[in-house]
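S.K.: Each chain, letter by letter, is given below.
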Amino acid sequence: MAREPIPLPRFGEGVATAELVEWLVEEGATVKRGDDLAEVQTAKAVLTVAAPSDGVLCEFSAAPGDELEVGDQIGWLEVDGAGSATKTASPDAPAATSVKPITAVAPAPTVAITGAGYYSPRLRARLNELGLSAADLAAVPGTGRGGRVTADDLEQFLAELDQLDANKAPAMRLAVADAMRRSWHRPLATVARRIELGPLLEHRRSVPGRPSLTIYGAKALGVALARDPRLACRLVGTKLMEPKRFHIAIAKEQDDGIVLPMLRDADTTSLGELAETHSHALDDGHVHSGANERAVATVTNYGTLKITWAIPIPPPDHSVILGIGKPDLVPIWDPTAGTWGRGKVCELTLTFDHRIGDGAGAAAVLHHIAYQLEHPHELD
Amino acid sequence: MQAATSMDSTVTDLGHELRRTHLRAMLNGRLLEERLRSLYRQGLIHGGVYLGFGQEAFSAAGGCCLQKGDVFAPLIRDMAGRLAFGETVEEVLRTYLGKRSGAMRGRDGNIHRGSLEQGILPMISHLGAMLPTAAGILLARRLRGASGSVGLAAIGDGAMACGATHEALNAVAVHRLPLVVMVANNGYSYSSPNSCAFACDDLVQRAEGYGIPGHHCDATDPKAALATMAGAITAARETGQAQLVVGKLLRLCGHGEHDDGAYMDAAQREAARDCLSFGPEQAVADGILAAGEWDQWRQVITTTIDTALATVEAEPDAEPAQEDWQAWSESWPGLEAAP
Amino acid sequence: MSATSYAGALRLALDHALRDDDDVFIYGQDVAGSFGGAFKITKGLSDRYGDRVINAPISEDAIAGMAIGAAMEGMRPVIEFQFADFATIAFNQLVNHAGTTYWRTGKPCPLTARLPVGGTPGGGPFHSQMAEAWLGHHPGMVVFAPATVDDAYCMLRQAIASNDPVIFCEHKYLYEQVRDDSFNPDLASALPAGEAAIRRHGRDCTVVAWSAMLYDALRAADVLAREHGIEIEVIDLRCLRPLPRDGVLGSVSRTGRLVVASEDFPFGGVAAELLALVAQHGFGLLDAPPVRVSSLDTPIPFHPSLWAAHRPQAADIVAAVIQTVRF
Numbered sequence: 153m154a155r156e157p158i159p160l161p162r163f164g165e166g167v168a169t170a171e172l173v174e175w176l177v178e179e180g181a182t183v184k185r186g187d188d189l190a191e192v193q194t195a196k197a198v199l200t201v202a203a204p205s206d207g208v209l210c211e212f213s214a215a216p217g218d219e220l221e222v223g224d225q226i227g228w229l230e231v232d233g234a235g236s237a238t239k240t241a242s243p244d245a246p247a248a249t250s251v252k253p254i255t256a257v258a259p260a261p262t263v264a265i266t267g268a269g270y271y272s273p274r275l276r277a278r279l280n281e282l283g284l285s286a287a288d289l290a291a292v293p294g295t296g297r298g299g300r301v302t303a304d305d306l307e308q309f310l311a312e313l314d315q316l317d318a319n320k321a322p323a324m325r326l327a328v329a330d331a332m333r334r335s336w337h338r339p340l341a342t343v344a345r346r347i348e349l350g351p352l353l354e355h356r357r358s359v360p361g362r363p364s365l366t367i368y369g370a371k372a373l374g375v376a377l378a379r380d381p382r383l384a385c386r387l388v389g390t391k392l393m394e395p396k397r398f399h400i401a402i403a404k405e406q407d408d409g410i411v412l413p414m415l416r417d418a419d420t421t422s423l424g425e426l427a428e429t430h431s432h433a434l435d436d437g438h439v440h441s442g443a444n445e446r447a448v449a450t451v452t453n454y455g456t457l458k459i460t461w462a463i464p465i466p467p468p469d470h471s472v473i474l475g476i477g478k479p480d481l482v483p484i485w486d487p488t489a490g491t492w493g494r495g496k497v498c499e500l501t502l503t504f505d506h507r508i509g510d511g512a513g514a515a516a517v518l519h520h521i522a523y524q525l526e527h528p529h530e531l532d
Numbered sequence: 258m259q260a261a262t263s264m265d266s267t268v269t270d271l272g273h274e275l276r277r278t279h280l281r282a283m284l285n286g287r288l289l290e291e292r293l294r295s296l297y298r299q300g301l302i303h304g305g306v307y308l309g310f311g312q313e314a315f316s317a318a319g320g321c322c323l324q325k326g327d328v329f330a331p332l333i334r335d336m337a338g339r340l341a342f343g344e345t346v347e348e349v350l351r352t353y354l355g356k357r358s359g360a361m362r363g364r365d366g367n368i369h370r371g372s373l374e375q376g377i378l379p380m381i382s383h384l385g386a387m388l389p390t391a392a393g394i395l396l397a398r399r400l401r402g403a404s405g406s407v408g409l410a411a412i413g414d415g416a417m418a419c420g421a422t423h424e425a426l427n428a429v430a431v432h433r434l435p436l437v438v439m440v441a442n443n444g445y446s447y448s449s450p451n452s453c454a455f456a457c458d459d460l461v462q463r464a465e466g467y468g469i470p471g472h473h474c475d476a477t478d479p480k481a482a483l484a485t486m487a488g489a490i491t492a493a494r495e496t497g498q499a500q501l502v503v504g505k506l507l508r509l510c511g512h513g514e515h516d517d518g519a520y521m522d523a524a525q526r527e528a529a530r531d532c533l534s535f536g537p538e539q540a541v542a543d544g545i546l547a548a549g550e551w552d553q554w555r556q557v558i559t560t561t562i563d564t565a566l567a568t569v570e571a572e573p574d575a576e577p578a579q580e581d582w583q584a585w586s587e588s589w590p591g592l593e594a595a596p
Numbered sequence: 155m156s157a158t159s160y161a162g163a164l165r166l167a168l169d170h171a172l173r174d175d176d177d178v179f180i181y182g183q184d185v186a187g188s189f190g191g192a193f194k195i196t197k198g199l200s201d202r203y204g205d206r207v208i209n210a211p212i213s214e215d216a217i218a219g220m221a222i223g224a225a226m227e228g229m230r231p232v233i234e235f236q237f238a239d240f241a242t243i244a245f246n247q248l249v250n251h252a253g254t255t256y257w258r259t260g261k262p263c264p265l266t267a268r269l270p271v272g273g274t275p276g277g278g279p280f281h282s283q284m285a286e287a288w289l290g291h292h293p294g295m296v297v298f299a300p301a302t303v304d305d306a307y308c309m310l311r312q313a314i315a316s317n318d319p320v321i322f323c324e325h326k327y328l329y330e331q332v333r334d335d336s337f338n339p340d341l342a343s344a345l346p347a348g349e350a351a352i353r354r355h356g357r358d359c360t361v362v363a364w365s366a367m368l369y370d371a372l373r374a375a376d377v378l379a380r381e382h383g384i385e386i387e388v389i390d391l392r393c394l395r396p397l398p399r400d401g402v403l404g405s406v407s408r409t410g411r412l413v414v415a416s417e418d419f420p421f422g423g424v425a426a427e428l429l430a431l432v433a434q435h436g437f438g439l440l441d442a443p444p445v446r447v448s449s450l451d452t453p454i455p456f457h458p459s460l461w462a463a464h465r466p467q468a469a470d471i472v473a474a475v476i477q478t479v480r481f
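Protein chains in written order, with our numbering: chain A, 153 to 532; chain B, 258 to 596; chain C, 155 to 481.
Derived by calculation from the structure, the hints in this document are not laboratory data. Treat the hints loosely; a few may be bogus.
Have a look at the derived ranges for each label pair, beta carbon to beta carbon [as the list claims (entries may be wrong)]:
1) C:377 to B:402: 53 to 59 Å
2) A:387 to C:438: 29 to 35 Å
3) C:174 to A:310: 20 to 26 Å
Just so it is clear, the structure is predicted and the values come from calculations on it, not from any experiment. Think of the CB as a built atom: it goes at the ideal place given N, C-alpha and C, for glycine as much as any other residue.
The shape of chain A in the complex, shown without the other chains:
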């Protein structure tokens, strides 16, 4: 024998409570499943509670006049066997845990966005409002997912900045900052090697205008790219733009920034003419080309700053930049004579957009430049 509760059933929509009007059977009565046990008054009507099983109504747990909620127990049945305390469906609102059919929730393909590089629309909108760019957030340690900078992080950073003294940055500085920021969006790689300068220093004495090492570098870069233009290309989306002419820009530092005078057709123009053009360009303050006249690569001679080695960044519209270091006097082994002599050398670096080309291609270009500079009569 087991005891089974008699619950107040859910009679329909909108019925949550009922009042027990009267019991229709005596306590202790033997009842059949479906027999009427009690009358209850709901907001809608007087309704009857029926026996959920065969058994003996052994105990009333509600009396006439009691206010009951759906699911409340009104009495107990003594039944044969194990009883069925859980037979009645839960009258409650939908269970908090629901199981959805798998077929209905096949995951849609989504783009995974991860890491600190993600800026939400809110953060972007705030940066735009402030005239800031993502680069300005370099100093902000993100507290969001994967180290993301959150809007709160930005506001806190701005509040801290307000505590510091600040001046308005010069226009040229801001222009360079913008160009460098755009350049830095690309994956840049660098290859480097040393060259001997003896033959070049000898050669320049014979050229009108005594071209500088920078002019030699521009010419050699132009020739090397004309032979293998792959690094001179630009990649935009799926489009690869290959140059027809090989103008070379020369990075020239000024007090407040960098200008880029251009040497047209560096690959085919003589060293003397290049030297003359370059000096005029600087005198005129002429900085860059017209719309259809753009350089394909840059030369920067940081040797003039007494720097032997650096990794320069190509301007945003160039894929490659040649860096020239400060000449040094070093011992040089003469394999023919079997003796040490001395000679001038410098370091060359070639920094390129790794989307455009790979290490081997860049090395081939740099070796070609080095060969020309070590055999300067090739440039005549």
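Position chains B and C against the provided structure of chain A, taking the given hints into account.
M.R.: Just chains B and C now, kept in the frame of chain A:
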């Protein structure tokens, strides 16, 4: 409830003036619609033109028997009835010509025009829907203790098949609302003949099913149409009970001016009586109308239409910049801004 | 049990509207006499207001059409559809007639259509549906969906007082489940219709809900705070048409995140409208893509366990919020 179905209404005591008013409204409707057809063919009317040719006797009978303060829910062929109930030629033309001064201000067109002040309901295209609406006005009046007015809702054999029509006929019978439903059985629901629209012998038989009186007439006979409508409207006014009136006639044109009605039965059309021809003959024979008077009326009405047209054509058209583009009457907080 | 129920508040609102304005009347199936409507909302009213509580034949089209006529005549009819699902029969009258009347004629159409909406266990496909999307789609319609006892009373009074046709969505599950000990009709106050209410403050994510789904959102808020340390701001939309744009955008501007929880079907609903609103006018407020939680895209099942899987639950809101916050 008793459902008296009088198949032949004979109201002998129609007043002399009522018959003249009725005839004149018929002519008003015909001449104005002929002018609309002309304007349509000149390309001057936006949207469709639907004419009531052949239906004037029945329509004008309804309009003539209404009183000021009654409610009229017309159908698309009720020009004569509208004019009889008080609509002016200018008001008609303003809507057809898309004038901002018209009742619908260019927002709705032509046959949809109406004025709640005048008691003419601006129909929506789902014509059956106008029956419960007219009934609702009558219910409101009863609740406010205002008695004496009746409603007149006009439909055709087509709208008799709509659910809303059935619901409304049943509801007005149950609630005892004085709505007269006049059914112009013009032979066609657009292109479909009666055989496609209903299977009973006569639509007036439906009245018995709803438990309301039914009336029937040959609506090409102006005297019979007027007598029948006068009887039904008077009965509604006096008993407070809904009435169903079925007028048999033939549409003497296409469904609209874009439709030549080529599908119509040629012999039936040939044999059809035009109430505008028969009406003056009948009236002269009855001594209601003097010889030559009909042509005088025609001249006067034509002049009225000419003058009204000149006035209305000079009025400004509806234009977007004059609109507030606001479908709510209230200024709700958080109202959506215009896109 | 002395607390006022949502149903009781509705009954009181009708009672007071009938008491205060002779132009108010009630028309619908089974509303009169001792029966008082399928959900007893009008019970007792015909004793007091006699001929202004009128039983209708089973004719939803005619019920709505007669209300339109009475409203054109200047009365303030309140019609009851026995279930919102049956208002489909009156769709034409509501959207083509009531919704266009003011715009076409310049005359208001002040009717209130009461629609018992939403699912209950065993309700099935034709006694469970939400009505806001298909009725609210049309210009000229106003759609209310109160969730609290105060709002049930105040918004029904506002609906009846409004000069526009109001679709008044009453959730069947709330009728007896929502009760308020402190409800007092003399003190009850509601925001103006058209404004959303903040039912819980939080800074991590905005959750917009309405009608019965408000309570799922509030249960989700408890779970999120207790188990995940996430504080959501729960917005009760209250009024779906006009949409309380400022309340939603204002909350998203504070939290940067939006989850909309709707009991309605997923396609083309108010939830989609809210996401479009925020995507178009609040893109710069967002830290994560807005998410909606709706029912499954099938008719509503009859069996309570199928129904429980079909209708969004607090757990679904919790999952959506976590997904959004962790985006």
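S.K.: Which of the stated hints cannot be reconciled with the structure, identified by number in ascending sequence?
M.R.: 3
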